[in-house]
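Colleague: Here is how the chains run, residue by residue.
Protein chains: 2
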Amino acid sequence: MKVLVAGGAGFIGSNLIEALLDKGHQVVCIDNMSLGNTDNLNMAMAHPSFILYEGDICDRDFLSKVFKREKPEYVFHLAANSDIQASAKNPDVEYRNTYTTTFNLLSVMREYGVKKFFFASTSAVYGDKPGILLDENTPNLEPISYYGAAKLGSEALISAFSYMNDFKALIFRFPNVIGPHLTHGVIFDFVRKLQNDSDNLEILGDGNQTKPYIYVADLVEAILYFMNEIEDAQNPVTLYNIGVNTATSVKRIADIICEEMKLEHVVYHFTGGAGGWKGDVPRFTYCLDKVHRAGWTAECESDDAVRRTVRHVLGVSGVQER
Amino acid sequence: MKVLVAGGAGFIGSNLIEALLDKGHQVVCIDNMSLGNTDNLNMAMAHPSFILYEGDICDRDFLSKVFKREKPEYVFHLAANSDIQASAKNPDVEYRNTYTTTFNLLSVMREYGVKKFFFASTSAVYGDKPGILLDENTPNLEPISYYGAAKLGSEALISAFSYMNDFKALIFRFPNVIGPHLTHGVIFDFVRKLQNDSDNLEILGDGNQTKPYIYVADLVEAILYFMNEIEDAQNPVTLYNIGVNTATSVKRIADIICEEMKLEHVVYHFTGGAGGWKGDVPRFTYCLDKVHRAGWTAECESDDAVRRTVRHVLGVSGVQER
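Protein sequences, first through last, are from chains A and B. Positions 1 to 322 (the numbering used here) are the ones given, in order, by the first sequence. Positions 1 to 322 (the numbering used here) are the ones given, in order, by the second sequence.
Hints are computed from structural coordinates only; laboratory data are not their basis. Being a predicted model, the structure only gives us computed values, none of them experimental. Wrong hints could be hidden among the right ones.
Given that identical chains are not distinguished, each listed pair holds provided it fits within a single copy or across any two copies.
With a straight-line cut-off of 16 Å between C-alpha atoms, the simulated EDC-like cross-links for lysine to aspartate or glutamate are [said to hold, decoys possible]:
1) 278 - 166
2) 116 - 166
3) 193 - 259
4) 290 - 229
5) 23 - 136
Next up, chain A with everything else stripped away, as it sits in the complex (with noise of 0.2 Å):
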């Protein structure tokens, strides 16, 4: 089948096109290269069912000359701003590369008959709900960021455009993902702070913020794994928290990478404070029950899952054992 990865070179994007493409698929990749980069596409450059369109979903007119040109049958949408840190400064961001990406892609697949879709949601769709186990049927979803936000519209317009077009789509909501071709985040901010100074290390909040990380590779099986099922599914969109049942907290991330690194006297120091940064949410349990139940499990627990990335970000940064 010929599909289009929409932010294709991003982290999660360029790891499902691997997988894509050993599947067998044919992979059309759009990215503007805001997030993502080439270096993520190695693998995907030298396959010859493989092609990239350097250029930005926003451009409704590039977009519409891609899909009339490559005619894909199966979008998956992982175009987005994805650092929720920096659009706080500047909403603009999630309106721009989360939202209106989300509207032009689905806008040009009603124009070209697509019908089937993949998006990333993100359990920040639910806002902060503490002491509430999460799951798909959870009401009042607040969202307190702009990131949250614009996922939570964008899930607003699949379900619209799915039932007025007889789209099929697939949405995963997920907390979040680790795993190689990573490029910003807790685990990466510690290991650059401990480069520069291996005795300190800063923590923001109390360092007790703890959440589920699933590893890129499990994401990944799960999109493969769910994404022929929606034909035969009754409702236009079939909707799944995805996640591992176990979270590490922010602390624990420090002392998995100091294992990694081999640092024993690193004192830490806690900013203070219950949230890492405002939009954050600091703590929530997530309700995995309906995945399962559909026969997916995640295989790498959440502290695994954070040792394994660790060790990419270490080799891919070159440092040294002490």
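Given chain A, put chain B in place with the hints provided.
Modeller: Structure of chain B alone, referenced to chain A:
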């Protein structure tokens, strides 16, 4: 208080402006006159506390200049596409006039430190959920129209902007509103058809589509009733379903119009099917317990709202009784 009404030359906005001026507020109106018109502002234009800016809220520079100059304290957002059938053919209308207007207003409020916001949302955010009593805690909001999607996306933006910038926001989700200054919809269509042919009336669907119609004066009264309550609210966003407990079928609307036009022998021709058009929610039941408990109830029942509106439409269109 100096308030800004976005979309103030439109149907609901112009009714709200008259009430706000009556209450002694200074009113700044912005409208691009795409659906609004200055006829709706006849009363306001003669008032010394009123000023109109004709321009597009999608133009951020224009909007920013109005905020800089006028320094409003409270923003009432009634600028939106309101013609669901029109946007079904061209979703760009909702992206621009419904979603982007919300994003721009919130962004400029953030820029100028304006903290109070009213948003006109819709029962269309719930989607088509036959047999479910729709209350504010109903989960799985799955809009089936681009209009409903853009409104739900707007609610998500309001949640995030309010949390991030200490705004207090009031959101009303209401169904069809009718009354003076109405510009389109089923009542208009039927009157126009009957003015052209007083023997026959084509009715979309099977005529059993039954919806609650709220009279615009009741809605405006609800806005005035709750607009200052939000200051003391614990949550950034206060959300109410607003409406009437009664409902009127499309066939009953036709009957009322025929009665008011003194037409006794009109033959109805039904096009058939449950919904009037794709994206229409044919029938729903709306829970108003929360707003009733908070002390507000509509004065005008649904049938009565229809009859009053028909009289207004006939008065404006100058139809002679036969």
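Colleague: Give a verdict on every hint.
Modeller: Going through the hints against the structure:
no.: 1; hint: 278 - 166; in the structure: between (39 Å within a copy, 11 Å between copies)
no.: 2; hint: 116 - 166; in the structure: within (9 Å within a copy, 39 Å between copies)
no.: 3; hint: 193 - 259; in the structure: within (15 Å within a copy, 78 Å between copies)
no.: 4; hint: 290 - 229; in the structure: within (14 Å within a copy, 40 Å between copies)
no.: 5; hint: 23 - 136; in the structure: neither (29 Å within a copy, 44 Å between copies)
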